[in-house]
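Chemist: One letter stands for each residue in the lines below.
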Amino acid sequence: MSQLTPDHFLFLSAALFIIGLMGVLTRRNVLVIFMCIELMLNAVNVSFIGFAWEQNSMVGQAFALFVIAIAAAESVVGLGIIMALSRRRDTVDINAVRDLRE
Amino acid sequence: MSAQVLVFDILSVIAVLAALGVVLARNPVHSAVSLAFTFVNLAAIYVILRAEFLAVVQIIVYTGAILVLVLFVIMLVHQEDLPEFHGGQPLQRVFGFLVGLVLLGEVAAAILTRTAVGQVGPWSPQQVAAAGGNVQALGEVLYSGYVLPIQATAVVLLVATIGALVLARPDVVTVPIGMARQVLTISLGHPRGDGEEETFEVPMLPAGTTTKAEAGDRELVMAKTGDEFTDKPAWGEHRTR
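Going line by line, the protein sequences match chains Y and B. Per this note's numbering, the first sequence starts with residue 141, numbered consecutively. Per this note's numbering, the second sequence starts with residue 2, numbered consecutively.
The hints are simulated quantities; they were obtained by calculation from the structure and are not laboratory data. Incorrect hints may have been included.
DEER-style ranges, computed between Cβ atoms [unchecked claim]:
no. : chain 1 : residue 1 : chain 2 : residue 2 : range
1   : B       : Ala-130   : Y       : Ile-210   : 45 to 55 Å
2   : Y       : Leu-240   : B       : Gly-146   : 39 to 49 Å
3   : Y       : Asp-239   : B       : Gly-122   : 47 to 57 Å
4   : Y       : Arg-229   : B       : Ala-153   : 29 to 39 Å
5   : Y       : Arg-229   : B       : Gln-120   : 45 to 55 Å
6   : B       : Glu-141   : Y       : Asp-239   : 40 to 50 Å
7   : B       : Leu-25    : Y       : Ala-224   : 21 to 31 Å
8   : Y       : Asp-230   : B       : Leu-72    : 16 to 26 Å
9   : Y       : Arg-229   : B       : Val-167   : 14 to 24 Å
10  : Y       : Asp-230   : B       : Glu-141   : 30 to 40 Å
11  : B       : Gln-128   : Y       : Asp-239   : 46 to 56 Å
This structure is a prediction, so every number in the text was calculated from the model and none was measured. Beta carbons are placed, not taken as given, at the ideal position from N, Cα and C, and that holds for glycine.
With the hints as extra help, turn the sequences into a complete structure.
Modeler: Right, here's the structure in full:
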């Protein structure tokens with residue numbers, strides 16, 4: 141409890157990632173699933189930045205920046221898909237989208 | 002140093018609680034607000050971990066752009082009453098919870114038995130300060146060793162923009178405006194009641210559309226440009242679903 145160790149942010153990252161994963165597995169609303177994916181990406185960012193802090197390196201921060209950029213692109217496309225889905229099917233239920241199975 | 006740990010712990014606990022709120026909230030708007038809490042707390046943690054630029058980027062990009070976009074979509078999308086709000090699918094819920102617990106145990110074991118320590122990099126706090134700050138140091142790293150990934154990221158953003166435009170296109174498109182104009186020009190050249198009527202065989206007409214002879218005594222729609230079309234479907238103008 142005297143000094144900040146890697147275990148602190150590693151546990152934080154693991155907790156956030158697993159909460160996001162449970163959200164993806166249990167929820168049915170597409171928008172909530174989308175937000176949980178953002179949560180998981182942020183957990184990975186915490187790990188990157190924490191290791192960069194531990195190792196006195198800038199590479200981790202550079203990778204976190206790339207993750208943020210890709211997350212922005214992913215969110216644009218994902219929300220576009222959600223909009224198209226709601227316009228065609230009038231639903232945000234992930235279980236209603238099962239065209240590939242049938 | 003102990004104050005740092007205390008602040009880190011408080012921020013972490015708030016972040017994790019807000020993350021739980023994202024998953025457990027019934028209303029998606031509440032989920033989004035919880036997610037904003039998580040993001041702001043994570044930005045503060047980035048400041049503790051000496052990543053000031055990324056903290057600002059986190060606030061601007063995640064909380065400012067992505068979350069506002071999510072809130073807009075929540076407003077636009079029709080929120081129906083999902084079965085999960087009435088306690089449906091308990092098997093899925095229990096399974097997800099179990100998977101989460103197992104995974105948490107595994108990761109905790111991996112973290113606690115972690116021994117590998119890599120080579121310490123060159124960017125000590127003194128070195129970062131000598132370079133002029135976090136932004137300058139990050140820029141030096143990015144634009145010396147990661148030029149190609151940055152350009153690839155730019156291409157990805159461009160493609161995502163185009164993809165979003167394609168996805169957000171209106172669903173009902175009156176595509177063949179040009180085709181309809183062509184057909185109208187042909188049929189207006191032969192006014193009605195002019196002796197024998199010919200049936201025109203227009204090869205580009207899709208099956209099921211009526212040509213002039215079959216249209217009976219329906220009134221003619223005179224249009225020179227696509228903007229003058231009324232709601233009445235003209236020949237050749239069909240709505241694609």
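Chemist: State the violated hints by number, sorted upward, taking the hints as numbered earlier in the document.
Modeler: 1, 10
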